[in-house]
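Make the full structure from the sequences, and use the hints.
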Amino acid sequence: MLIKNGLVLTESGFEKLTILTDGGKISGILPADAMVKYSGEVLDAAGSYVLPALTDVHFHGCAGHDFCEGTAEAFSKIAEYEFSQGVGTVCPATMTLPDETLTAILKSAAAYAKVQPKSGAAELVGVHLEGPFISRAKAGAQNAAHIQPPSAEKLKRWQAAAEGLIRLVTIAPEIEGAAECIRACAGDMRFSLGHTQCGYDEAAAAFEAGADHVTHLYNAMPPFTHRFPALIGAAADRSFDGKRVYAEVICDGVHLSKSAVRAAFSLFGADGVVLISDSMEATGMPDGEYQLGGQKVIKRGSHATLTDGTLAGSVTSLYGCLLKAVEYGIPLETAAKAATVNPCRSVGIDGFYGSIEVGKAARFLLLDISDLSIRKV
21 MLIKNGLVLT ESGFEKLTIL TDGGKISGIL PADAMVKYSG EVLDAAGSYV
71 LPALTDVHFH GCAGHDFCEG TAEAFSKIAE YEFSQGVGTV CPATMTLPDE
121 TLTAILKSAA AYAKVQPKSG AAELVGVHLE GPFISRAKAG AQNAAHIQPP
171 SAEKLKRWQA AAEGLIRLVT IAPEIEGAAE CIRACAGDMR FSLGHTQCGY
221 DEAAAAFEAG ADHVTHLYNA MPPFTHRFPA LIGAAADRSF DGKRVYAEVI
271 CDGVHLSKSA VRAAFSLFGA DGVVLISDSM EATGMPDGEY QLGGQKVIKR
321 GSHATLTDGT LAGSVTSLYG CLLKAVEYGI PLETAAKAAT VNPCRSVGID
371 GFYGSIEVGK AARFLLLDIS DLSIRKV
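Offset between the sequence shown (1-based) and this note's numbering: plus 20.
Since the hints were derived computationally from the structure, they do not count as laboratory data. No false leads were mixed into what you were given.
Label-pair ranges, simulated between beta-carbon atoms: (1) A206 - D64: 44 to 50 Å; (2) D221 - E93: 43 to 49 Å; (3) F372 - G33: 18 to 24 Å; (4) T327 - K263: 37 to 43 Å; (5) S390 - S279: 24 to 30 Å; (6) G84 - K45: 30 to 36 Å; (7) E93 - D291: 33 to 39 Å; (8) G60 - A165: 53 to 59 Å; (9) A206 - G43: 32 to 38 Å; (10) E93 - G308: 18 to 24 Å.
Straight line, CA to CA, 16 Å or less: simulated EDC-like cross-link-like pairs of lysine to aspartate or glutamate: (11) K127 - E89; (12) K380 - D370; (13) K396 - D64; (14) K396 - E100.
Heads up, the beta-carbon is just placed ideally off N, CA and C, and yes, glycines get one too.
Here is the structure:
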């Protein structure tokens, strides 16, 4: 395929370029005025921004299905809906569940990944274990009954069951054994600090042990204060010192205020923020009763809550979060990076996904220049 006349997102911003693809990969990127002899399919992207397809590294479900159903049907329906919303690659999150349930989900995901469709659906490129190594005090919508101490042995068993699909593990650094677990497994997966009540020193020690990610910044963690900076302060200090930290931000207009989102971009920079949806199965569905991690969730409009009012993930797609970030004043190219190359870098898949470069995946999202509506995925 040849894509012409679009404004293409590059490392330096948007540029008018011509893109050539072959066999699912980008085979050439040329100046817009280059003379090209081409007899294949041509896509005229005039009036469009051309982005890499988005990547969501933290969400639970959509379209009436949850990743933890652990079935090929659920994976397929989720992938189809995500693709319709401009998402080309996904790293869905599990919940805090019994060991045998997690093992079964991971095995099913590994089997699905081998036979998943090549087009028309988001590609499953990894799994995010959001629990069970988290704080009971900051469990949020997770089922505290299944929380357990960190175990490198279990993580290695789960990674074997997943056939290497586990890309990210959320862990509370104050739990005994957390730093040791991170050190033992950091070469095989990435670690994110979250669902935690840790202090500054505990967070800093976990970063030194190998963690480089923060799970849904601000949510399910102590607040940043002038004398007790906690996890947010430790992550911000590390970023200030030039050591990369990826901070997840749920920019759905519900979980965080406009100023909190803008502050995250100020603290962690254009390369450090990772937009996530943290969406659950009610995303794309009518109001009503749903479930998350075995717990009942009520969807009303843009809110999803447990019966006690606790937020239970979002009901906004990553594309919707991208639009909200732009609405909050984040430049489109910065917000787009936070939904494409940054999440890919954060889970180590940026060698093939997340940016428009020769040799990388030919998966694109075309947005109308006038209103950022989706033109084509």
